[in-house]
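*Asks:* According to mature numbering (1 follows the signal peptide of the UniProt record, and there is no 0), the sequence shown holds residues -38 to -1, 1 to 342 in order.
Calculated directly from the structure, the hints in this document are not laboratory data.
Small disclaimer: the values here were computed from a predicted structure and weren't measured.
Hints are not guaranteed to be accurate.
What the hints assert, rightly or not - Below, a list of computed lysine to any residue pairs in the SDA-like style, where the Cα atoms sit at most 20 Å apart:
#1 Lys342 x Lys155
#2 Lys91 x Glu103
#3 Lys48 x Pro74
#4 Lys342 x Arg239
As the list claims (entries may be wrong) - Have a look at the derived ranges for each label pair, beta carbon to beta carbon:
#5 Glu249 x Ser338: 44 to 50 Å
#6 Gly44 x Glu337: 22 to 28 Å
#7 Ala284 x Pro248: 15 to 21 Å
We treat Cβ as the ideally placed atom computed from N, Cα and C, and that holds for glycine.
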Amino acid sequence: MNTITRENQLARRRFLAGGLAAGAAVLLSSSLSGMVHAATPPAASATEKTQQSPSLPQRRLGSLQVSAIGLGCLPMVGYYGGTYAKKDMIALIRRAYDRGVTFFDTAEVYGPHTSEEWVGEALAPVRDKVVIATKFGFGVEEGRPTALNSRPDHIRRAVEGSLRRLRTDHIDLLYQHRVDPKVPMEDVAGTVKDLIREGKVLHFGLSEASAASIRRAHAVQPVSAVQSEYSLLWREPETKIFPTLRELGIGLVPYCPLGRGFLTGAIDENSRFTTGRLSTLPQFTPEALKHNMPLPHLIRAWAERKQCTMSQFAIAWLLAQAPWIAPIPGTTDPAHLDDFLGGATVRLTPAELEEFGREYAKITLMGHRADAFTESQIDK
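All chains should be modelled from the sequences, with the hints used to inform the complete structure.
*Replies:* Structural data, given as C-alpha cells:
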C-alpha cells in the first residue's frame, strides 16, 4: 500500500473510532448472540479466539495474501435453493475462520445486501485478521439488480453501501462483478484507483473479464485478482486468460470449483432438476449428466487412490495448477465446509498430475456452464 493510501486509511479509522467505540459493546453482543454454539461468554468462539487454526497455507493474489482456500458466501442467501437462518450462516462463517480461512467472498447483489450484512456481522470481531472481497456492477440501488451498471457515480454509491453493511472502513478486494460495455474500462479502473487513494479500497479485481479488459484495467490500476468459474468441469480460463494472468502477475479466484456439486459425487446421471438455478444450466440436463458421468467416476477413482474425498481431490487439483490460484467454494453445510478445506492437505506430484491429465483427456464433456442471459453478460 502506498504512503498516501495508508495515511488516508488511518485517518478514516481515527474518524470512525469514536462512533465505533460508543457502539462496540452493543455490536459485539448483537453479533455474537447469533452463534449456533454459543458459550459463556458468547464471544469465546470468534472474538476472544487468538489461536486460529494454522492448517491452511497462504497464497498471493498479486500483492494480496489470502488463505489458499476461501469461502464463497453466495449460497447462504438461497441462490441454489433453500432458506437459511442468519444465526446458522454467521456460525458457518466463523467456523471457516476458526479452521484457517482468511478469505471471504460476497457481493452487494447477493440477497441483495443480505450476504454482505451477514459477512460483516460474522467477521466484525476479527476484521483486521481477514480479507473481505465484495463486488459492484449491477443496478441494485436503482432497483435493477440484473442490469449492468459500472458508472463512476454508481460505483461510489455501491462502495459506501458495502462499507456500511460490512461494518468496516475499507474493502480489501473490490471486484467489478461484470464488465459493463457501456462504461469504458479506463473509467471503472480510474474510479477504483481514486477509492484506493482515499483508503476505502485496498485492492482491485475483475470478475469474468476477458484478457483485453484485464489489460485495459491493469494499465490504469494494477489488478490483484480475477474471479472466474474454473473447475474440472469448466476449464475455459486456461486458454482465455491464464497467459495474461501469468504475464501480469495477477491471481485467479475460481468460483464453483466443485462444479456446483457435480464433482463431489452428490449428483449422478439420475439426478433431475426441474426448479431452481441448476434447472437453467445446460450442464445439468439429463442428457448432459449422463454424458458427463465419466468425469466424477475418474475423480472418485483418484480420490480413493489418494485416500481423500472427491471434493478434496477436486480442490487439490485446482491448487496444483498454479501458486496464484485461490478457490472460493461455497456451502451452507458445516460438514461440507470441513470436507473441502481438507483439499489443502492433499498433494499431487507432477507425475500424478500428468497421469491424471492423460486420463482426463479421454473424456468429452457436454453442456455450457451458463444460461443464455448469464452468458450474455460475460465479457468476451
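*Asks:* Hint compliance check: list the failing hint numbers for this structure, sorted ascending.
*Replies:* Hints 1, 2, 4, 5 and 7 not satisfied by this model.
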